[in-house]
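Residue numbers (the working numbering), protein chains in the order written: chain V, 14 to 214; chain X, 14 to 214.
Hints should not be assumed to be uniformly reliable.
Given that identical chains are not distinguished, each listed pair holds provided it fits within a single copy or across any two copies.
Simulated crosslink set (DSSO-like; lysine-lysine; CA at most 27 angstroms straight-line) [what the hints assert, rightly or not]:
1. LYS42 x LYS124
2. LYS86 x LYS42
3. LYS114 x LYS148
4. LYS168 x LYS86
In case anyone wonders, no lab produced these hints; they're calculated from the structure.
From a predicted model like this one, the values you see are computed outputs, not experimental measurements.
There are 2 protein chains.
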Amino acid sequence: MSAPIEFYFDFSSPYAYLGSEMIGRVAEKHGRRVNWHSFMLGAAFKGENTGPLTSYPRKGEYSRRDFDRTARKYNIPFNMPSDFPKTTLAASRGFYWLSGKNENLAKVFAKAVFAAYFVNGQDISDLTIIQQITKSLDIDEEEFSSAIQQDSVKKAYRASVEEIVDEKKVFGAPYFLVDGEPFWGADRIVQIDEWLTTGGW
Amino acid sequence: MSAPIEFYFDFSSPYAYLGSEMIGRVAEKHGRRVNWHSFMLGAAFKGENTGPLTSYPRKGEYSRRDFDRTARKYNIPFNMPSDFPKTTLAASRGFYWLSGKNENLAKVFAKAVFAAYFVNGQDISDLTIIQQITKSLDIDEEEFSSAIQQDSVKKAYRASVEEIVDEKKVFGAPYFLVDGEPFWGADRIVQIDEWLTTGGW
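All chains, please: the whole structure from these sequences, using the hints.
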């Protein structure tokens, strides 16, 4: 079995949500697994002096149009949340903790969080929304809620984000590593598909 | 004949150079003309509080890799200039003036300026380099050099840049309008191709 595709995301990124659906299809086509890694875009933006796309006046307006157009093109359900962006630390840390226990369940959880925000417009910074999701997936609510408050989990998650931003040099989302080759952006997934088909160029 | 594709570029943008080659192929395939419009990225960046890609540490490093990878993928000659970015006001204003006289010749001039910078590593902020280009294309050197110093040309060019940035809301390069639909970035040309094939979605 070939190496998995490494996928770095922040729950508050529209392109990371769209990209998560797109990379899933491409990976399946090529018989690859996808390893999901949650991180905080805020930490990445800090070192780059950049911000969320929608914080730029003209680029923001264009991006909103492009989110919708990309979603339509790939038939991905999408509704731009009216309250954007969100701090998604609890969900992100919860995903990190869950990944260590059950990677597949963690992915199901992540997809549900993305759908809650980018399809149903729910406030994923609200812990009760996250708890509704864990409940619907038969994840032990108490264990989850206590884990994301634990110092050891907080510390390990923080170290993981630092490693992603400082070592892997991830500066935006979605970000992918395909056999070590970096690709940034949902709009590069077309090239990932071709890279996997041809073996690179 | 269908409407031309509007193409907005700055001579100092690697992706605009790569995009100019890529959009030319896509336009030809669909029997469309491309209308080239030069503007100043600096003016666009000012209103957005953004900067050249290479000014961001991690994004810059990734971008340099991506320029090369994109060039290889599409078989476009490309050598990242060691001196980057450049102020390309003279070339850009000259292109603007030339477009008013002979649109096709202006495009040939633009392609030569891009190649001088992104293939041969020449300093296109140096007027003698631009004059070598005009000479090689049988453009009247004296007329060209005097035109780009004329107040009326300067003023008209400035108004054109303002219109592109303020009215068309172009915030980066390459930027395209395809039957009124905006597309930003060389990585969106794949979608332009599909848009022209399908009539949009």
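Next item on the list: Run the structure past the numbered hints and jot down the numbers of the failing ones, going up.
Entry: 4
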